[in-house]
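Kindly produce the complete structure, drawing on both the sequences and the hints.
Line by line, the protein sequences give chains A and B. Residue numbers for the first sequence, in my numbering: 1 to 240. Residue numbers for the second sequence, in my numbering: 1001 to 1084.
Read the hints as simulated data drawn from the structure, not as lab findings. Check the hints yourself; a few may be wrong.
Calculated cross-link-like contacts (lysine-lysine; reagent style PhoX-like; alpha-carbon spacing at most 20 Å) [said to hold, decoys possible]:
{"no.": "1", "chain 1": "A", "residue 1": "K120", "chain 2": "B", "residue 2": "K1013"}
{"no.": "2", "chain 1": "B", "residue 1": "K1004", "chain 2": "A", "residue 2": "K58"}
{"no.": "3", "chain 1": "A", "residue 1": "K120", "chain 2": "B", "residue 2": "K1043"}
{"no.": "4", "chain 1": "A", "residue 1": "K80", "chain 2": "A", "residue 2": "K166"}
{"no.": "5", "chain 1": "A", "residue 1": "K47", "chain 2": "A", "residue 2": "K58"}
{"no.": "6", "chain 1": "A", "residue 1": "K120", "chain 2": "A", "residue 2": "K56"}
{"no.": "7", "chain 1": "A", "residue 1": "K165", "chain 2": "A", "residue 2": "K240"}
{"no.": "8", "chain 1": "A", "residue 1": "K240", "chain 2": "A", "residue 2": "K209"}
{"no.": "9", "chain 1": "A", "residue 1": "K157", "chain 2": "A", "residue 2": "K209"}
{"no.": "10", "chain 1": "B", "residue 1": "K1079", "chain 2": "B", "residue 2": "K1004"}
{"no.": "11", "chain 1": "A", "residue 1": "K108", "chain 2": "A", "residue 2": "K157"}
{"no.": "12", "chain 1": "B", "residue 1": "K1006", "chain 2": "A", "residue 2": "K72"}
{"no.": "13", "chain 1": "B", "residue 1": "K1043", "chain 2": "A", "residue 2": "K56"}
{"no.": "14", "chain 1": "B", "residue 1": "K1079", "chain 2": "B", "residue 2": "K1006"}
{"no.": "15", "chain 1": "B", "residue 1": "K1013", "chain 2": "B", "residue 2": "K1043"}
Just a sample of chain B residues kept apart from chain A, beta carbon distances all over 10 Å, derived [what the hints assert, rightly or not]:
{"no.": "16", "residue": "D1028"}
{"no.": "17", "residue": "N1053"}
{"no.": "18", "residue": "E1062"}
{"no.": "19", "residue": "I1082"}
Beta carbons are placed, not taken as given, at the ideal position from N, Cα and C, and that holds for glycine.
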Amino acid sequence: MYLTPLNIKPNGNEPEYFDWEVFFTDESSSRLVNRLSFEESRRLITKARAHLKENKFKLAFILNKMMLQLLKGREPRQPKILELGAATGFLTRWFIEQYGGSGVLVDKSHASHQAFLTLKEPLQNTTYLNKDIFELDLDPAFGLVCSFGLIEHFKDKKPVMDIHKKFLAPGGNIIILVPLDTPLTRTFMELHPEMNLGYRELLSEKEFKGILSQAELRILRLECSFGYSYDFIGALCTHK
Amino acid sequence: MQEKEKIRQFIEKNIIVSREEARFCDNDNIFELGIVSSLFAMKVLNYVQAEFNIAVDSDDMELENFCSVENILQFIERKRSIAV
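Now the structure itself:
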C-alpha cells in the first residue's frame, strides 16, 4: 500500500470551506506551485522521477503481455526476424525466447552495439549489423520485421516505413511499437529529459493508425500497454 | 524433486551475478536483488508453461507473479486450482 502525503494547505491553515470552483483551475495549481520552496520543488521532482523511471523487469512483463495479446492465434514458428533500430534487441530476444528462430538486428549507434556485445546473456542465432537502416543490403526474406521506438524519431515517415516493408517476405508480419501520446507519457518525457536523445514525436493512437494506413499496411491487431512508466502502443500488420 | 526446488534451480541457472551475490531466500524479490537479467522475465513464461504444464495467458503477465520462488509457486497453484 502506498499512502500519498497530505495536501499542502493554503497559508498553512485548514480552509474554512472547500471551493470546488477553484479546485480545477490553473490558478489554484499555480498558487500551490508558487508556494513551494526550492528544496520542496527539488524533492518533488526527484520523487516524481523515481516513481516514473525505466524498469527493465516491469517493461519485460508488460511487453510479454502486449506481445501475447498481439500474436494470440497468430504465433509465428521459428521466425526469421529483422529488428530495425534494435538497440540491444529487446523484441528479437522476446521472439527467439518464445518461438525460436533467428534474428538480424540493425542499429547505427556504436553505443547500442557495444551494449549488445557486453550483454551478460548473449543472444543466440543473431547477427548484429552496426549500420544505418537505410544502407541495408538484405534479401526480402524476413517473416517478421519489427521496431520498438523507431518511427517516432523521423519527421518524414515514408522512408522508415518503406524499410519495414522492403525486407518483408511475402505473407510476413510487421510489428511496430511506439510511445503513445498520453498525459503519462508526456509527464515521463518531461521528467526524464535525458531520454530525449533527438527528434521525437509522441503519437496518438489516431496518428499511429494513420501512419500505418498511409504506408499501406493492414492492421491485424492493435494493443496499448497498461501499467508502465509511460504508455506505448503496438500494432501487428501485414503489407496490403 | 519438489516444485519449490525446481523453481529455485531454474532461477539459479539464470543468475547473472557471482555466487557470493546470488544468495536468495524463497521470499526474496529476485528482480529487486538484481540477480537475474530482463531475459529471465521472458524465459520464465516458457519455463512455467513447459515444466508445470499450465497455460499462461496475457493477463498473468504481472511482475508480482514471478518475482520470487514463493510467488511463482503460488501462481502455479492458483492456475491449477482455476483449471480444475
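Structure-based check of each hint:
1. A:K120 - B:K1013: 13 Å, holds
2. B:K1004 - A:K58: Given pair K1004 (chain B), K58 (chain A) is violated - Cα atoms ~23 Å apart, limit 20 Å.
3. A:K120 - B:K1043: Satisfied, since the Cα-Cα distance of roughly 15 Å is no more than 20 Å.
4. A:K80 - A:K166: Roughly 15 Å separates the two Cα atoms, so the pair holds.
5. A:K47 - A:K58: Roughly 19 Å between the alpha carbons, so the hint for K47 (chain A) and K58 (chain A) holds.
6. A:K120 - A:K56: 14 Å, holds
7. A:K165 - A:K240: 10 Å, holds
8. A:K240 - A:K209: 14 Å, holds
9. A:K157 - A:K209: 13 Å, holds
10. B:K1079 - B:K1004: 16 Å, holds
11. A:K108 - A:K157: Status holds; Cα separation ~18 Å.
12. B:K1006 - A:K72: Not satisfied, since the Cα-Cα distance of roughly 29 Å exceeds 20 Å.
13. B:K1043 - A:K56: 14 Å, holds
14. B:K1079 - B:K1006: 17 Å, holds
15. B:K1013 - B:K1043: 11 Å, holds
16. D1028: 14 Å, holds
17. N1053: 17 Å, holds
18. E1062: Since the minimum Cβ distance to chain A is about 7 Å, E1062 (chain B) lies within 10 Å and the statement is violated.
19. I1082: I1082 (chain B) clear of chain A: closest Cβ-Cβ about 17 Å, beyond 10 Å.
When the structure is compared with the earlier hints, violations turn up for hints 2, 12 and 18 and for no others.
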